[in-house]
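Residue numbers (this note's numbering), protein chains in the order written: chain R, 1 to 389; chain F, 1001 to 1159.
If you're looking for bench data, these hints aren't it; they were derived computationally from the structure.
These numbers were taken from a predicted model, which means no experiment stands behind them.
Hints may contain errors.
[Claimed, not checked] Listed below are the simulated DSS-like cross-link pairs for lysine-lysine, each with C-alpha atoms no more than 25 Å apart in a straight line: (1) R:K64 x R:K216; (2) R:K147 x R:K216; (3) F:K1140 x R:K45; (4) F:K1056 x F:K1120; (5) R:K23 x R:K384; (6) R:K45 x F:K1006; (7) R:K216 x F:K1108; (8) F:K1120 x F:K1108; (9) F:K1140 x F:K1056; (10) F:K1006 x F:K1035; (11) R:K227 x R:K94; (12) R:K45 x F:K1138.
[As the list claims (entries may be wrong)] Here are some chain R residues pointing at chain F (derived, C-beta under 10 Å): (13) K45; (14) K168; (15) N295; (16) Q299; (17) R300; (18) L303; (19) T305; (20) D306; (21) G307; (22) G312; (23) V372; (24) E373; (25) V376.
Idealized CB from N, CA, C, for every residue including glycine.
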Amino acid sequence: MQVMYDSLLSDKVRNIPPSGIRKYFDLMENMDNVISLSVGEPDFKTPWHIRDAGIYSLEKGFTKYTSNAGLSDLRREISVYLERRFNLSYDWQKEVLVTVGGSEAIDIAIRVLLNPGEEVIIPQPSFVCYAPLVSLAGGEPVIVETKVENMFRITAEELRNAITPKTKLLILPYPNNPTGAIMERTHLEEIAEVLAGTGITVLSDEIYAELTYGTKHVSIANIEGMKERSIVINGFSKSYSMTGWRMGYAVGPEPIIKQMTKIHQYAIMCAPTTSQYAAIEALRNGDCDIERMQNEYNQRRRLITDGFRRLGLDCFEAKGAFYVFPSIRSTGLTSDEFCERLLLSQKVAAIPGNAFGDSGEGFIRCCYAASVEDIVEALRRIEKFLADL
Amino acid sequence: MTSLLKLLERNCRVSNAQLATMLGLSEEEVDEKIKELEKNNTVLGYRAIVDWEQVKEEVVTALIEVKVTPQRDLGFERVAERIYQYEEVESLYLMSGGFDLSVTITGKSMKEVALFVATKLAPIEGVSGTATHFVLKKYKDHGVMFNIEEEQQERAYLL
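So here's chain R without its partners, still in its complex pose (with noise of 0.2 Å):
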């Protein structure tokens, strides 16, 4: 008998759209010599000591679970590092919750606050999990646009016209991953005036903190009167290059971390234990490893967007993350199109603007978190596409 499996599932969940990118991993896999500007992810290793620590904790026998919240040596040392780093302060015992990485943070934390019909408020461009959480939980997703004239940052006008009386939660995700884009001090300051004397929640998706350049992270946390209403979301994968490790963590007031902690109870049960222990060597003896990589991207990202710029095309500053989004528009090429030619011909990766929104559009985004070798090469061959056009 044949089963009619469409009718099995949810609606909710065969409604999301699928991943606009996989083609071209496909084309890719069937690729030779592809210079890749298109993952998400850092090039590096994670460091020594910190693999180390893993294997350690493996070869002394630690393979249980830990507690829900994550070890207590980690939320100590959580704690401590965003004091240190951020100037931030929560109380590790109530106030830190460590995570599968920031995406499962990030889909517990819309979980429990979100209500059937209730509205998100989300900035595009921007990384493509937030619109598909909040529709799984009840919400409805309401999307900014940001605009290239403002850096790529959400405005307290654009923030005030998207607010109705059904707004929940505001979505910041900056340092912003595809645009690089970052939210400086007065910025937050105007969103957080905005949000004064409303019900509205924000949820800063902060993962790419410790990746700025020229200026250090705020986080909306820092605001005044912002840390009661907000949760922040950071992890170990983009600032110690451990991606593979699945660590990360959401801190936030009380009541609001420990409704996500009993999520995470049920679905997860607590990160993985090895990983834990890696994350505690991080965050202690790490800072140098933070440094170093970031001096590394910075150098890279001065060479990516000189490099766009040179071959005509208007690249954008990005001040954060590590990724330019540079203007395609001029190529009179949408970026779709750009993004497959760019491939076929001259096989270099990178990913078009408006797979994270549709203000992505006539934008491609370009991860320098690759070899220098690379990143000139790449630049080579797309000057050779232009030319070729």
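Following the hints, position chain F against chain R.
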């Protein structure tokens, strides 16, 4: 200055224009700085890191511990001078610990290196003893790993 030196140390073949972009300086500034570093002997030379294993030619490297009786007024300087003038000597360091000078020598064969130690190094006045250690395999040199590491195969389709 330090970041420029670090970049050069890693890859000295990068053009000055590229170095300038990476450091947020003008090309003229980089040209000038490099000239200055060369002139004041901060940058003494530029060289490739070669894995001679990849070439058919055999190269033998040895680390030699040398014990020295220091000389009045001159300490180790004079003995050191007499050692580092030899072309075969690749590096020479004054060390703390159980011996005094550490000499790195390359030659075509173990015999050639051994002969050098026996006929040139050991007889130098002031050298009271040597111990020769042959390098069997280089894993890492000048911060570069010699075996090409395997890349992780399966990766997420992620943005």
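Against the structure, the hints come out as follows:
| no. | hint | verdict |
| --- | --- | --- |
| 1 | R:K64 x R:K216 | 38 Å, violated |
| 2 | R:K147 x R:K216 | 23 Å, holds |
| 3 | F:K1140 x R:K45 | 17 Å, holds |
| 4 | F:K1056 x F:K1120 | 28 Å, violated |
| 5 | R:K23 x R:K384 | 23 Å, holds |
| 6 | R:K45 x F:K1006 | 20 Å, holds |
| 7 | R:K216 x F:K1108 | 55 Å, violated |
| 8 | F:K1120 x F:K1108 | 16 Å, holds |
| 9 | F:K1140 x F:K1056 | 20 Å, holds |
| 10 | F:K1006 x F:K1035 | 16 Å, holds |
| 11 | R:K227 x R:K94 | 14 Å, holds |
| 12 | R:K45 x F:K1138 | 22 Å, holds |
| 13 | K45 | 9 Å, holds |
| 14 | K168 | 25 Å, violated |
| 15 | N295 | 7 Å, holds |
| 16 | Q299 | 4 Å, holds |
| 17 | R300 | 7 Å, holds |
| 18 | L303 | 5 Å, holds |
| 19 | T305 | 9 Å, holds |
| 20 | D306 | 5 Å, holds |
| 21 | G307 | 8 Å, holds |
| 22 | G312 | 16 Å, violated |
| 23 | V372 | 7 Å, holds |
| 24 | E373 | 8 Å, holds |
| 25 | V376 | 7 Å, holds |
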